[in-house]
Amino acid sequence: MNIDEIKNKIKSFLINEMPNNDFELNDSTDLLNEWFLDSFGIINTIMFLETEFSISVSRSEINGDNFANLNSISVYILNKL
Amino acid sequence: MSILLNNKSVSDEIREKNNSKHNYKIVFSVLSIIFIYMYFFTQIYQVIGIQSPEKIFKNFYSIEKNIILDDDGNLSSLLEITYANNIKYNNDSERLVFFVILALTFLASYFSKVKYKRIFIVIGTLLVFFILFKWNNVLMFLSMHLILYILFHNKNEKTKYISFLPGGMIFLAFFTNLSTNITFLQIIYSILTSIFFWLYYKFLILKLLDDKKIANILRTIFIQLTMITIIVSLIINSIYGYKWIIPVGIFYFFIQWQRLILYHIEYKDGLIPLDLSLLNYSIVFFNPATVVNCVDGYNIGSGYKYINNNYLVEDKNKIIFSGVKILTLALFYLVLYYFFTNTIKILLEYFLGVPIFLSLEDLLKVHLKGKYLHTSTVLFSTLINQIEWFFLFGGLVHFKVGIWRIFGFQLNSYFDKPWLATNLMAFWTRYSFYFREFLVRAFYYPVFLNFFKKNQKLRIFVATFASTCIGNYTWGHIPEIILVRGLETKNLVYALPRWPYFFLLGLGVSLTQIYLLNKKTKRKPWTKDRRFILDFFYAYLTIQFFSLIHIFARPTRSSSLWDHFTLFLIGLGIHL
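Going down the list, the sequences are from chains C and A.
For the first sequence, the residue numbers in my numbering are -6 to 74.
For the second sequence, the residue numbers in my numbering are 82 to 657.
Simulated from the structure, these hints should not be mistaken for laboratory data.
Bear in mind that the values here come from a model prediction, so they are computed numbers and not experimental data.
Hints are not guaranteed to be accurate.
Only some residues are given here: those of chain A computed to face chain C with a beta carbon under 8 Å [unchecked claim]: (1) K89; (2) S319; (3) D350; (4) G351; (5) Y526.
With beta-carbon atoms standing in for the labels, derived distance ranges [said to hold, decoys possible]: (6) C:D58 x A:K241: 24 to 34 Å; (7) C:R52 x A:K283: 45 to 55 Å; (8) A:D356 x C:V68: 20 to 30 Å; (9) C:L74 x A:F109: 25 to 35 Å.
Glycine is no exception: its CB is placed at the ideal position from the N, C-alpha and C atoms.
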């Protein structure tokens, strides 16, 4: 799986499961400030990532670097695969 | 949670740039707001010969009881300095000392370069501590933190020099009276203790810290010293009846246990540099804001990373002005809470025609006497009681956040208009942001990331319940109550009957989480559309639920769990 495929899957999840009319979702959209409405957004995303990519997320990996935007999440996933 | 994740640290060059512009209007505004606080909360009005706050209030409002006023003409509030259970000072004088040093520390910090700012903040904190609690307690507080520092940052080259300090400091703190006199022999003893401690650290502790497992055990024991002390003290108290009165210096260290736990979590997650300097360590735990009423909102600015990442991230004047604004808001809360709640009470009694009680204790007393209580009485009394607490708690934590901000830390508000929350989950975030953050990192994540991965609903429910009920009860309120009231089993007995409150809160938040899991909506609450009115209804329901379950949070000696339960049922419209 390459990074674009990962990105598309995550993007599709965010748009469908956590719709947000106020912002356009692109690779660098600030997810923490502009997309996730609350903490539940990250929890939902973690559950999706674990199921979709068969990975296990640890506490130290839940940070601003990995979850900053679509690009950083995709790189994080790619490194885990 | 997402809010705490989203900051990245800025370089020292950017911090220096953000610190370079001085604005005298900002300085004036900070000093002015500190002076207004001094006027309302100290006796400075006598010194400068102006009207007391009491006289001004009485021009506007008839106050029957001394609810918001001291007996000396100024305001009584949660802005207490001393809360340790073995020391009594005049609180007005304490506040005066605090505000004067706060102003001086602000000035020193404001006009200094970035590398000196933190030094002034730490010195200012210690100065408050020294004047209020004397040398012995300063040394106790410092030595506890120094031990913690050398246990965690043994990789720092300077640690071998720092490890020389705690031994002598502990000796001076516990075995001398530095306020009166100190003998030559005591100085010799303190140096010998320092050498002994240094040798002990160098030849034993450092070797043990090389082993990861042992190092982790040692660090965990030190971080959990608060809980260990409470448990051991309660056991000793129940067997021998002995009650240990914690010295203030140790008390202030213990009361920071949530901050300590978060520090440990971040350390284990690799978020704190192993060779962190002592000064950068100190800034997490030493701030004038942590001295004021150490019992409420002591976890503001928890963790190293969050504090470091929010330090001088933009022009200092902008951050400081946001601090002035929140300090002003805090003042309104602390000054006007009684007028606001009392006015609502009068209006409700007029329109509903039923008695409303400002105090839950008064409500319970009437219930215990067997008198009939209308459901509206229970609902609105609990609601008003909670609104009053919103003002007091909000005022206090806004005050603390304001102090952090005037020193250049762009911290989030602890208390963010909880009345706008349209569900319990949102309420929990808005009501106690930093405490929730502690619970999420210490309880939610470990459960969520390790258990029930195949059943998402169960996974979320259990993780939420573990944090909002179990974590909140055991690692939040019980240690707090026992630390503040004293290390006696009777205080454990006092704390334990509150469990239904935590159970109902945990259940409510957990079920809300499950509900939100399945809910997909593009609409944000308070959007002005046809569902706008429903937001009011949901907001009321949320706060009313939170208010009503507080019936269980105020147990008294004369009431049983059944009494509280039947009162709770009346709130639900069920009269047994």
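Status of the hints after comparison with the structure:
no.: 1; hint: K89; result: holds, 6 Å
no.: 2; hint: S319; result: violated, 36 Å
no.: 3; hint: D350; result: holds, 4 Å
no.: 4; hint: G351; result: holds, 6 Å
no.: 5; hint: Y526; result: holds, 5 Å
no.: 6; hint: C:D58 x A:K241: 24 to 34 Å; result: holds, 33 Å
no.: 7; hint: C:R52 x A:K283: 45 to 55 Å; result: violated, 33 Å
no.: 8; hint: A:D356 x C:V68: 20 to 30 Å; result: holds, 28 Å
no.: 9; hint: C:L74 x A:F109: 25 to 35 Å; result: violated, 57 Å
Hints 2, 7, 9, counting from the list given before, are not met by this structure.
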